[in-house]
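**Q** In case you want the letters, here they are:
2 protein chains.
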Amino acid sequence: MEQPAHKKRIYTAALVIIGDEILSGRTQDANLAYLAKWLNVQGIRLKEARVVADEQPAIVEAVNACRARHDYVFTTGGIGPTHDDITVDAIAAAFQVPVVLHPRAEAMLRAHYAERITEARLRMARVPQGADIIENKGSAAPGVRVGNVFILAGIPTVMRAMLDSLDGALEGGDPVLSRTVGAHVAESEVAELLRTVEADIEGVQVGSYPFWRQGKIGANFVVRSTDVERVNAACGAILDGLRALGVDPVDGEL
Amino acid sequence: MEQPAHKKRIYTAALVIIGDEILSGRTQDANLAYLAKWLNVQGIRLKEARVVADEQPAIVEAVNACRARHDYVFTTGGIGPTHDDITVDAIAAAFQVPVVLHPRAEAMLRAHYAERITEARLRMARVPQGADIIENKGSAAPGVRVGNVFILAGIPTVMRAMLDSLDGALEGGDPVLSRTVGAHVAESEVAELLRTVEADIEGVQVGSYPFWRQGKIGANFVVRSTDVERVNAACGAILDGLRALGVDPVDGEL
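The listed protein sequences derive, respectively, from chains A and B.
Heads up: the first sequence at position 116 corresponds to 116 in UniProt numbering, and the numbers run straight through without jumps.
Heads up: the second sequence at position 182 corresponds to 182 in UniProt numbering, and the numbers run straight through without jumps.
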């Protein structure tokens, strides 16, 4: 007998963002939200993310903590040709393996740069021993897969091209479905309603996300589950409950 | 004799973002970059950030790991009146203290809501025992300080109002200064130059941030140090080095 959707094994992932430029506030990360949605389509949930400095001990610690407890770990950033690109070395250290030149990555870079190949450019063919490469259409420099760790570029267009080539390649479970109800109501007035709905319908999560726009307060209530019938039952209960409180909700996001 | 600026004690902070809505990709975090810049003005460096699920064990673990190794820890999110707002309980658990009603926070909420006060609204006066409150002009619900942990709202306008009231209140060191040089050049062509400049001038960090816009590649080279003379010396060396390579750099960000 098949397990009900909300009781099946959940596949999880972590993201380690390697980036002094994020921690200094100079650059706004644009990869987390994209990866989260991409993972959900694969049936995998992003359960945690860490932003670490461009320092080997910080990267090693974060990657080792995350790969021990999640099915998949993704890293972004630090895989270019310059001295501050230390991700490959750090992840080799995390796996306690040496760094080697990947023959196919080297061939791709040599074909791309021809006589303009340099030592700095060949750095982009360096991988932890035992790793596979992740192709991308965006540039000649590949991503790297070692064990359950996927080393991706930090530049969003390149990172997305690498994810494209992983589409459908990872084992996952059921994607999380979500549906949103919005209302111009203080969330403190509906706290009991939300708590009751989440407690009554097994396998759903109800999130409440307040906003304050142009002088009007309100909130969006997001119901998530892998089971569409439970999602719809919970949304129906929230819509009914809000109307019973004299609130006029919308079936969708405000 | 005063220590040179680049050898003084460095004050560090971590940010723990509590948010299923960030991990699902539904909401883009807008607090990290703001906090990073605010901290830098206080002479404190944001050294790591973690995004964790709305689950007590995940919050406890992240907060305990971060508070042991940084001068300050900030959390955002999960301090409203609904069932998914579990930050105060989680941080009380991290400190192994009970949750109590803070008398002044309770008084503020009762004054604000008058006869409209409810149990859900009073939740916002709950704090870990021994905590102080952090006032904010944005709403009646305060932030909370317990030990070196600062519990802030997730809504960016409210989070910023809470930081306003902490302005100048935290002990810090010298702020990190930065200056940027941009050029339309492949970073692989200048990797050796950047490595040499960083190695030659003690106390500076040189970051290389490539971009690819409208068919043109380039990179920004960001020099950081607490010492303005070292920042300027490194930028001068990079500008000279780029020109020697036949590149036409700009003294600023591209």
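None of these hints come from the bench; they were simulated from the model.
Some clues are possibly wrong.
As the list claims (entries may be wrong) - Have a look at the derived ranges for each label pair, beta carbon to beta carbon: (1) B:A30 - A:Q56: 24 to 32 Å; (2) A:A199 - B:V97: 25 to 33 Å; (3) B:K216 - A:K37: 27 to 35 Å; (4) A:E135 - B:R116: 39 to 47 Å; (5) B:A244 - A:P103: 32 to 40 Å; (6) A:A169 - B:F211: 22 to 30 Å; (7) B:D200 - A:K37: 54 to 62 Å; (8) A:A244 - B:E106: 23 to 31 Å; (9) A:K137 - B:F211: 39 to 47 Å; (10) B:P98 - A:A169: 12 to 20 Å; (11) A:V41 - B:A111: 28 to 36 Å.
We put the beta carbon where it would ideally sit given N, CA and C, even for glycine.
**Q** So, for every hint listed, does it hold in this structure?
**A** Hint check:
| no. | hint | result |
| --- | --- | --- |
| 1 | B:A30 - A:Q56: 24 to 32 Å | 30 Å, holds |
| 2 | A:A199 - B:V97: 25 to 33 Å | 27 Å, holds |
| 3 | B:K216 - A:K37: 27 to 35 Å | 29 Å, holds |
| 4 | A:E135 - B:R116: 39 to 47 Å | 59 Å, violated |
| 5 | B:A244 - A:P103: 32 to 40 Å | 35 Å, holds |
| 6 | A:A169 - B:F211: 22 to 30 Å | 29 Å, holds |
| 7 | B:D200 - A:K37: 54 to 62 Å | 44 Å, violated |
| 8 | A:A244 - B:E106: 23 to 31 Å | 29 Å, holds |
| 9 | A:K137 - B:F211: 39 to 47 Å | 18 Å, violated |
| 10 | B:P98 - A:A169: 12 to 20 Å | 49 Å, violated |
| 11 | A:V41 - B:A111: 28 to 36 Å | 48 Å, violated |
The structure fails to meet hints 4, 7, 9, 10 and 11 from the earlier list, while all remaining hints are met.
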